[in-house]
Structures are given as structure tokens and as C-alpha cells.
Amino acid sequence: MRDPILTREYLKRRSFIELSARDRAKCLFDSGTGRELAGPFDRIESPWLAMQDVTPEADDGCIVMRGTIGGQQAVVIAFAGAFQGGAIGEVSGAKLTAALDLARADNEKGIRTNAVLLLETGGVRLQEANLGLAAVAEIISSIIALRRHAPVISLTAGTVGCFGGMSLAAGVSSYVVMTRQGRLGLNGPEVIEEESGVEEFDASDRSLIWSIFGGQQRYDQGLVDALVDDDADQIVKTVRDLIAQGVPPVHRSEQVDLYRSRITALEDSRQWNPEELHSWKNQNKKENQ
Amino acid sequence: MEQFEFNYPAKRKVLKKSHVGVVGSGDLEVLLEPAKDAAASVRIRTSAEGFKNSWKAVLDRFFDRYDGAAYIEINDAGATPGVVFLRLQQAVEASER
Amino acid sequence: MESGRAAFLEESKQEGKPMNKFTGIRGRIWFKALTGQASSMPGDPHSVLTADAPIGEDKARFLCVVPDPDGRFPCARRGEVGLEEAYTLAARVREAIHADKESTKRPIIAIVDVKSQAYGRREETAGIHLAAAAAADAYASARFAGHPVIALIFGQAISGGFLTHGYQANRLLAFDDDGVLIHAMHKEAAARITRRTVAQLDKLAETVTPLSYNVRDYAKLGLLYKLLHVSDPEDPNAEDVSLVRHEVIAAIQDARKTSPDLINRIESEAARVARKASRLVRARLAEQWNH
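Residue numbers (this note's numbering), protein chains in the order written: chain E, 326 to 614; chain Z, 68 to 164; chain A, 13 to 303.
None of these hints come from the bench; they were simulated from the model.
Cβ coordinates follow ideal geometry from the N, Cα and C atoms, glycine included.
Hints may be right or wrong, so weigh each one.
In silico contact screen, one side only, chain E against chain A (beta carbon under 10 Å); selected entries [what the hints assert, rightly or not]:
no., residue
1, 431
2, 511
3, 516
4, 543
5, 562
Computed Cβ-Cβ distance ranges for the label pairs, DEER-style [unchecked claim]:
no., chain 1, residue 1, chain 2, residue 2, range
6, A, 207, Z, 132, 38 to 44 Å
7, E, 343, Z, 74, 34 to 40 Å
8, A, 241, E, 562, 40 to 46 Å
9, A, 279, E, 376, 21 to 27 Å
10, Z, 134, E, 337, 36 to 42 Å
11, E, 339, Z, 160, 40 to 46 Å
12, Z, 160, A, 292, 27 to 33 Å
13, A, 207, Z, 150, 22 to 28 Å
Footprint (simulated), chain E over chain A, 3 or more residues, beta carbon under 8 Å [to be verified]:
no., region
14, 92 to 106
15, 133 to 145
16, 173 to 181
17, 227 to 239
Construct all of the structure, not just a fragment, from the sequences and the given hints.
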């Protein structure tokens, strides 16, 4: 017999994944404080898409919003997975970099400003190739410059996931938050199958995909800081809690010796069962106790 | 890429601008703003070529009911007339909230 | 020099195919030419060459990723930047940051000739995205700490491989040569994914500059500090090496004069034209930031 209380709780849940990028960004802010910058009516579009017969979007698929989260200044930058797979073009990349740099400048003036990145993105937009790639390099640099002052939180909920060059952006962030539906990796399953063959990776095997890239696995191997349900309220609370934790003493991407030794310890003669890497998280836990 | 413009008579003042949709496959975005004159105009950009008549038909139907003096921009990636109509309705709703 | 190169190529054959079918030959040649050294540091995988060597008034740390057919991981044996390569780069760059904490910040010079990142199941399972992030982080951190970071793009600089090794540099230099390929994806794969033919991509690249595979078009984007002209990138003579050294020294001096961020990539003369939209975004966001 179904537990009536649990069912009620489940029905009250508001799906975060079903929200548009704009609505996801909006819901993170303290009520009514979210304000969009360089929005669709500013009409700063990609200069490169129309000439390739691809319809541009008025916000180039990137939404920048300012407001307060938990009473503190914050900027949220969300990529619209539905537009070009959330891929980074000249303009969408510049919006993220500029937002990070402005947040950094405010922090340097003593105005604590946190950043949350909603990463549903396949990486570089191929239609803008070298400008997309350059933008990603600049994004990585700007995250590193900002995160000394205030936490940079990357959130990937799905359905697009976070792949390509933007997985490095997640990698250099202060905290990474994912749902179980979300995926995180450098090269997607199709790309690996394409480059290294179906023996290496069968991109049609969904359970294989989630067993390696999925939020649960990434959390279990210690590469993700918080695993959340597809529940907007829970996600908002998690983001607030991480902001409150502040800048971590060491960022994951700075722990080179630790991860280098972990790679050295892996056997080279075979593929690894993703579960074998759960020891990484357990080791992290032990060290933090 | 094709670009069209359609104009319709309109008198009622539009109070608020609105934006709905996303330029995803089979979808479109609509930007709606108060027009400068007492008329309505629609500018469409679409990657699905050869459907000018379809667009006219949908807009004729839409402006049968809607009388706002709006400037509407549409960026389309192959939406069906049904989806176009829906997005236009959403844009109007949002501008009248 | 000719016979030396021939011998090098002969020695470097893999499975009977000449090494220049893969990337990495230019990297190895120039690493040797600029540092006089040819190996990885003790304990490091053979795919990462690191050496501290004089350049101008400085002693710089040079780093290069090269093919290692005997590497531990099959998907990273042909010049790809894989797990070991990324973490080794990160470690050697951080070693330099730490050693120079209280003294002159040595220049860090990335010799770039990388086919791509490594595409493999092992790599994804073990979180190659974090490995790549760690290397980019190290280079960026070195730059922010005051080390002049210079990237010498002498061969291929593709996608994740370039993001990991080179793209965080203060100054990017490249040969003006058809063997230099800077891009987000190799042509055939890019054509397949965007559902065009290679010929169509080439045609598009004539008007859509960021799509071009030609380094001269890349230079128009305003990201490069300098395009270098040498007689033969794969068989440099003494003059070639001298020219490169001279330009690297100039790049180091230039980097030391300016802020440690990447703003020069958007402020350059060429960028003011090619990256107008980026500049507009920055201006608009700054205007609207505080209402």
C-alpha cells in the first residue's frame, strides 16, 4: 500500500529539469530579486549563425541574471540546452566570461558576489569553432580568477548534461552539483564510439552511459559535491548551503598529487568497473574526518 | 534562411513586452513589444525555407482575434503552425499579465 | 641536418607507418632545439617532456606532449592528451609555481603539437575532465602568480588537447605554416557532425573566419600574439631556432608588462574587428550590471 505522506511529498515536488533555462535561473534567486542582463530584447545575437542558415536566438542561448541568493549578491548564468545543444558560441561564451569578470571586480571592491553556472552544454559550438573554443579558454580563466573571492558553483541537472570544453569549467569550479539524470564528462559516448570504436564504447547502451557519466556515479567517485533530486526547492536549498560554505580551502582541480597518485594506482591492462572508483570518495571522507 | 515581414492594422495599445520560447528544433522564440505606430507588424526569420504561405495563414488567423499594436519578432527553427500559434498566444498572455 | 632528420623519422616509425602520420614530431624536434634536452623527468610518463633551460636572461620551464606508443593507456599513445599527460603537466607546472614562490617567476613555455584529448572509456571513467581541468588550472594559476606563460603552436592544437596544454598562456605564438592546425574538431569529424561535406566546410570558412583551418585566418581573430616564419618547421636550421628564441624572449617581456589575465585577446587590433560581438557583450553587461 502506497504511503500517503510520501506520495503527497512527491506530488508537491516541482521539477527543475522541466523548467526552461531562464526559469531555472530565476528560481534560484531570493523571491523577486532576479533581474536579467543583456536579455533577448538587447538582441545581442551570434554574428555567425545566420550566414550558415541557422536561426539565431536573441539571447544566444545564454541567460545572465543578477540578484540575491540567501541575502547575498549573486550572478547566475544559465545555458539553454534546447538551443544548439547549449553549445558555446562567441556571444554566449562572452556573456559568461563578462559576468564572471564583473562579479570578480565587485568582490575586489568588497562586495561579496557569488556565481552559479547552470551547465547544460555539449561544449564548443562547431558553427563557431575557434571563437567558441577561445571563449571556453577564457571562461576557465575567469572562473579561476573569481573563485579565490567567492564560490563558483556548477550545476548540471540534465537533460543535455555537461560535456566538451565546458566539463573543464565544471572541473575548476568550487562545487559541482548534479541530479542523477545529469551527466558529466569530457567526451560524450557518441564521440568516443566515433573516435575509438564501438568496442571501446557502445553509445547505444544507456545504462553504460549513466554508469560512467551519470550524476550518481560522479558523486560516488567523489567528483561531485552534492547529488540532488529533480526538485527545485531542494536544489535552491543546496545552492544556498554551498554558498554559505564559502570558498573551499583547496579546489578539486588543485589537488594534483592526490589525483595523479590515484591514476597511477589504477591497473593499466583492463577497463575498470566504475564502482572500483568509489574508493576515491571514501578516501576523501576519511581524510576530512 | 528566409526572412518575411507581415503587417496588420491594429489600434489597441500594448502595455508590456514579453518573450517566450526557444530556438530549438521544431520550436521558435517570440519577442513581443509595443509598436511605434498604431499597427501591428511581424518579422520572421526561419531556417525552414519555402513556407511563406503557411506563415501568412497562421498570422492571418492569429490577428483575426488579436488586435494589439505589437511589434513581433519570430526566430524559428522549423515549428509547425500549431506550435507557432501556441507561442504567439503565450507571448500575448505574458504581455497582458 | 637532413640525414639527422631522416634517421629520426626512421627510428620513430610505429607499426611501419612514419611518425609524421601522427602528431608530435614537431613537438619533439622543437623541444630538443630549444632546450637541448629530449626526455621526460624522472617518474613521469614518456609522453610528457619537461626541461628547465635558459632563454634570454631567464631559465624557463619547457613542456611538451608527444606520442608514446608504450604508454599505459591505449587511447593516449599517439600524441593525445590523456589522464597521465594532463596530471603530469599540472604537476610540473605547479612544481615551478611552488619553487618560485619567493623568487623570479620563471617563464613557462608550452610547445603545442597535440592531436586532441584522449577519447576512451578508461579516460571518462577516471574523470579525464578533471585531469584536463587540473592542467588548465595549473597553467592559469602560474599566469596569475606572475609567471609569463607562452604557448608555441607548432603543429596541431585541437579542442580539449589545446584547452589542457597551451590555451591558458599569456601569449600565443604559431608558425605560419599548413602543418599548424588550430580548431575545435578535425575536419572530417566536423563535417560529419554538422552534416556538410568537407568541400562545403571549406567554402563556408572563406566567409566564416572562426571555421577556417588555416592559421592565417586564425590570426585574424586577434588571439595570436605573433605568426612566425621559419624555413622548415620540421627541420629547423640555426637561423630558425634563433628566430624562435628571439620571439619567445620578446613575448616573455611583453607578458611581464601587462596584466596576468587574458584581456589582451579581446583588446588586440584584430580582435576589435573580429570579436566585435564579444566586446559589445562586455560593454552591455557592464552598463546593466548595477541597473
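If I claimed the Cβ atoms of residue 160/Z and residue 292/A lie 27 to 33 Å apart, would that claim hold in this structure? holds, 32 Å
Could you tell me whether the CB distance from residue 207/A to residue 132/Z stays inside 38 to 44 Å? holds, 39 Å
Do the Cβ positions of residue 241/A and residue 562/E conform to the proposed distance bound of 40 to 46 Å? violated, 59 Å
For the region 227 to 239 of chain A, do three or more residues have a beta carbon lying closer than 8 Å to a beta carbon of chain E? That given contact holds, which follows from 3 residues of the region 227 to 239 of chain A lying within Cβ reach (below 8 Å) of chain E.
C-beta pair residue 134/Z, residue 337/E: status relative to the range 36 to 42 Å that was hinted: holds, 40 Å
Can the region 133 to 145 of chain A be counted as covered by chain E under the rule of three residues or more with Cβ-Cβ separation shorter than 8 Å? Coverage by chain E holds here, the residue count being 13 at a Cβ distance below 8 Å.
For the restraint on residue 543/E, tell me whether the closest CB of chain A is nearer than 10 Å. holds, 8 Å
Quick check: does the Cβ-Cβ distance between residue 207/A and residue 150/Z fall within 22 to 28 Å? holds, 23 Å
Can you tell me if the region 173 to 181 of chain A counts as covered by chain E, using C-beta to C-beta distances under 8 Å and a minimum of three residues? holds (count 5)
Take the shortest C-beta to C-beta distance between residue 516/E and chain A; is it under 10 Å? Status holds, d = 6 Å.
For the hint on residue 562/E, does the least C-beta distance to chain A fall short of 10 Å? With Cβ-Cβ at 26 Å, over 10 Å, it is violated.
Taking the Cβ atom of residue 339/E and the Cβ atom of residue 160/Z, is their distance within the range 40 to 46 Å? violated, 21 Å
Figure legend: structure checked against the earlier numbered hints; hints not met, in rising order: 5, 8 and 11.
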